[in-house]
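Novice: For reference, the chains in residue letters:
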Amino acid sequence: MQALGDQPTIVCNGMIGREVFTARDREESFYMIGSMGLGLSIALGVATTHPETSIVCLDGDGNVLMGAGVLASAGALGCKNLHHIVFDNEAHGSTGGQRTITESVQLEKIAAASGYASAERVAPEDLAEALPGFLASEGPAMLLVKVEIGNQPGIGRVTHTPVEITQRFGGKLGNG
Amino acid sequence: MPKTTEFLAALKANGYDYFTGVPCSLLKGVIRRFDEEPEWGYISAVREDSAMGMAAGAAMGGRLPAVFMQNSGLGVCLNAIVSLNVIYEIPTLIVVSWRGKDGIDAPEHLVMGEIMTDYFDGITLGEMKGLPWQILSADSIEDDVATITKKITERRVPGALIVPKGILDASS
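Each protein sequence line maps, in turn, to chains X and L.
The working numbering numbers the first residue of the first sequence as 1 and each following residue consecutively.
The working numbering numbers the first residue of the second sequence as 1001 and each following residue consecutively.
Hints listed in this document are in silico derivations from the structure and should not be mistaken for laboratory results.
Glycine included, C-beta positions come from ideal geometry on N, C-alpha and C.
Keep in mind that a hint or two might mislead.
[Claimed, not checked] Which bits of chain L does chain X cover? Going by a derived footprint, with three or more residues having C-beta under 8 angstroms, they are:
1. 1044-1050
2. 1134-1143
[What the hints assert, rightly or not] Here are the computed lysine to any residue pairs in the SDA-like style, where the Cα-Cα straight-line distance is at most 20 angstroms:
3. 1028/L to 1147/L
4. 1151/L to 1110/L
5. 109/X to 130/X
6. 80/X to 1044/L
7. 1012/L to 1126/L
8. 80/X to 1042/L
9. 80/X to 115/X
10. 1151/L to 163/X
11. 80/X to 1041/L
12. 1012/L to 1147/L
13. 1150/L to 1009/L
14. 146/X to 110/X
15. 1129/L to 4/X
16. 1165/L to 1025/L
17. 1150/L to 1039/L
Next up, chain X with everything else stripped away, as it sits in the complex (with noise of 0.2 angstroms):
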């Protein structure tokens, strides 16, 4: 989280939100505690309108899977300005690690498929420094790091309420 600036980051809902929420809290993020699936097409609502900022979607493998259909308005859209990164640890991490599918599916092939314009796999230690090129490169972008199953102990959860989140990242938006 150190290495994103001040870009509008769509976080999805489960333990990546609240593992981005406790690792640093900033009002450019837009956690989706709820309705899974549907990170990435909050994205394009913001990147379709925002189209001189980048707009970042933080996203987990189950999302993905079950909003798979959205890759395509992705591609389609071609939303230069769209910087897509998928934590990917095979499991639905906040209901227990049960495993999803992506032992065998590579999302990346799929983004890379529905014309995303680039669409890459990057080893946890490397994303560092992978980071900066990939937010200055042109979207639709993915970025998808394979990591471990587990989750950090004892992590809470976003505190903001709903209606917080919405005003203070439609204020970041210029929508105060």
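For chain X, the structure is supplied; the task is to place chain L on it using the hints.
Specialist: Chain L in isolation, oriented as in the chain X frame:
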């Protein structure tokens, strides 16, 4: 007589400036106009809940979105409506066709046609008893759009403009 031109003018007059959705034959006049007139910026969504998600992102950035769908899409959208729009207070107009009205339609439309208004009345949260809805009438297009718009923007909730057959089927 189709009222599509009048309806589009009413959307514009009431501030709508982001359009997405999934088509229905009862709305095909509007969607055809969107296709013919790219200045509307209509985005063809892959699913109705994705359209609601895109509209939510646009709304947080200051747009007033209208999402078009067949009422079968309400089944797809329930989680987006209750766990995104309602709790985050993101107003969105759902322009939804009324297939299955009065029990006359193909079998797959009959249940949703029968529970059409109950669907919105049934979405409650504490003091919030139901989401606003308005049935579009060919005789009061402007008033109907203005009425539902006032309700969703004042209450900061999603709401429905329910479109029966014969009003927005043709592009004129």
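Novice: Check whether the Cα positions of residue 1012/L and residue 1147/L lie no farther apart than 20 angstroms.
Specialist: holds, 14 angstroms
Novice: Is the straight-line distance between the alpha-carbon of residue 80/X and that of residue 115/X 20 angstroms or less?
Specialist: holds, 12 angstroms
Novice: Is the Cα-Cα distance between residue 1028/L and residue 1147/L 20 angstroms or less?
Specialist: violated, 23 angstroms
Novice: What's the verdict on residue 80/X and residue 1041/L, does the C-alpha distance respect the 20 angstroms limit or exceed it?
Specialist: Answer holds: residue 80/X to residue 1041/L is near 17 angstroms, not above 20 angstroms.
Novice: Going straight from one Cα to the other, do residue 1150/L and residue 1009/L come out at no more than 20 angstroms?
Specialist: The hint holds at about 17 angstroms.
Novice: Just to be careful, I want the Cα atoms of residue 1151/L and residue 1110/L compared with a cutoff of 20 angstroms; is the pair within it?
Specialist: With a Cα-Cα distance of about 28 angstroms, the restraint between residue 1151/L and residue 1110/L is violated, given a limit of 20 angstroms.
Novice: Given the proposed pairing of residue 146/X with residue 110/X, does the C-alpha separation stay at or below 20 angstroms?
Specialist: holds, 16 angstroms
Novice: Within 20 angstroms, alpha carbon to alpha carbon, are residue 109/X and residue 130/X?
Specialist: holds, 19 angstroms
Novice: Please work out if residue 1151/L and residue 163/X have their alpha carbons no farther apart than 20 angstroms.
Specialist: holds, 18 angstroms
Novice: For residue 80/X and residue 1044/L, compute the direct alpha-carbon distance and say whether it is at most 20 angstroms.
Specialist: This hinted pair holds, its Cα atoms lying about 18 angstroms apart.
Novice: Checking one constraint from the list: CA of residue 1165/L to CA of residue 1025/L, max 20 angstroms. Satisfied?
Specialist: With a Cα-Cα distance of about 9 angstroms, the restraint between residue 1165/L and residue 1025/L holds, given a limit of 20 angstroms.
Novice: Quick one, are residue 1150/L and residue 1039/L close enough, alpha carbons at most 20 angstroms?
Specialist: Since the Cα atoms of residue 1150/L and residue 1039/L sit roughly 25 angstroms apart, the hinted pair is violated (cutoff 20 angstroms).
In the structure shown, a violation is registered for the earlier hints numbered 2, 3, 4, 7, 15 and 17, in ascending order.
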